[in-house]
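Can you build the whole structure from these sequences, using the hints too?
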Amino acid sequence: MIGLWLENGQLTLNTTLPDPVPLVNEALVRVVGAGICNTDLELIRGYYPYTGVLGHEFVGVVEQAPTGFEHLEGQRVVGEINATCANCNACHAGRETHCENRTVLGILARNGAFAEYLTLPARNLHALPDSLPNEVAVFTEPLAAALQIQEQITVHPANRVLVVGDGKLGQLIARSLQQTGCYLCVAGRHKNKLAMLSNLAINTFLVDRQTSVNPDPINQLLNFDVAIECTGNTEGFEFALRALRPRGTLVLKSTYADRLTLDISSLVVDEITLVGSRCGPFKSAIKLLRDGTVPVKELITDRYPLAAARTAFDRAQQPGTLKVLLQIS
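Count along the sequence shown from 1, add 206, and you get the number used in this note's numbering.
Keep in mind that the hints are not guaranteed to be accurate.
Taking lysine-lysine and the DSS-like style, the derived pairs with C-alpha atoms no more than 27 Å apart in a straight line are [stated by the list, open to error]:
no.: 1; residue 1: K503; residue 2: K493
no.: 2; residue 1: K503; residue 2: K489
no.: 3; residue 1: K397; residue 2: K503
Since the hints were derived computationally from the structure, they do not count as laboratory data.
Note that the structure is a prediction, hence the values are computed from the model and not measured.
The structure is reproduced here in structure tokens:
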């Protein structure tokens with residue numbers, strides 16, 4: 207099997223990987239296409255010491271399904287990335303994505319989607335409607351992550367919400383939050399990315415180096431009820447925190463390869479609620495993509511075959527790039 211292997215921060219296109227063998231209750235999936243995520247880039251930078259095949263955003267076809275899931279064979283699917291044990295305290299308490307024994311596709315102890323085949327528990331898989339193209343369906347996992355915010359906090363039409371970061375995840379979060387009717391603004395550094403949001407009637411604010419150093423220009427970005435940090439860097443965190451009103455909510459959606467230096471006192475004095483946010487509801491994401499409620503096609507910057515995966519990663523790390531897709535089979 208061919209797959210993109212990560213080891214010690216180095217990517218290698220390995221052409222001699224063994225085909226994965228599904229365990230009991232697992233399905234074998236032939237990967238059709240996959241998307242490069244910021245988490246993949248952070249893993250290369252050392253955010254977590256992962257060794258294995260990268261990738262967790264995918265569309266595939268089920269080649270082999272376990273007993274009870276035979277209906278999935280031949281179906282196009284997407285898959286939830288956390289493979290859980292169903293036996294630990296977290297699973298019994300309904301916190302399956304925090305299973306104490308979990309493996310995570312392309313992130314933790316489970317080979318990922320940048321390969322010809324992968325395995326996942328069959329219960330993790332969601333069949334796709336025929337009307338949903340692969341290049342749209344591949345956004346299911348990141349859109350579900352964006353929707354998780356609304357599972358964790360309630361956003362009302364009267365709320366003021368700031369999204370910090372105009373990249374892939376910030377775009378999806380803003381497009382999904384627009385459905386709530388709240389006052390929504392996205393702060394970012396890329397005119398072309400902000401223009402995409404402006405075209406959807408979403409308020410935007412261009413941040414330059416002067417703005418991020420000097421707080422005076424952001425006085426108009428104050429007293430937000432909710433700020434959502436999507437940049438994965440210290441400046442983004444501080445920018446989001448400054449924009450919040452007392453007793454506001456700061457949602458963190460990005461992983462950080464570097465350690466942050468934080469002014470914890472401001473969190474305490476202003477009684478800020480800090481919310482970490484990860485994986486979200488696949489069924490809701492599929493419905494929004496199927497109905498076209500959250501448009502995503504314009505977020506695709508480029509496409510590469512698996513054989514050119516290293517070139518695809520170089521492209522994904524270039525400034526101004528949004529979603530880069532790998533076409534696998």
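Going through the hints against the structure:
1. Distance restraint check for K503 and K493: the Cα-Cα separation of roughly 16 Å lies within the 27 Å cut-off, and the hinted pair is therefore satisfied.
2. Between K503 and K489, the direct Cα distance comes to roughly 19 Å. Compliance with the 27 Å bound is thereby established for this hinted pair.
3. Proposed proximity of K397 and K503 is supported: the alpha carbons are some 19 Å apart, at most 27 Å.
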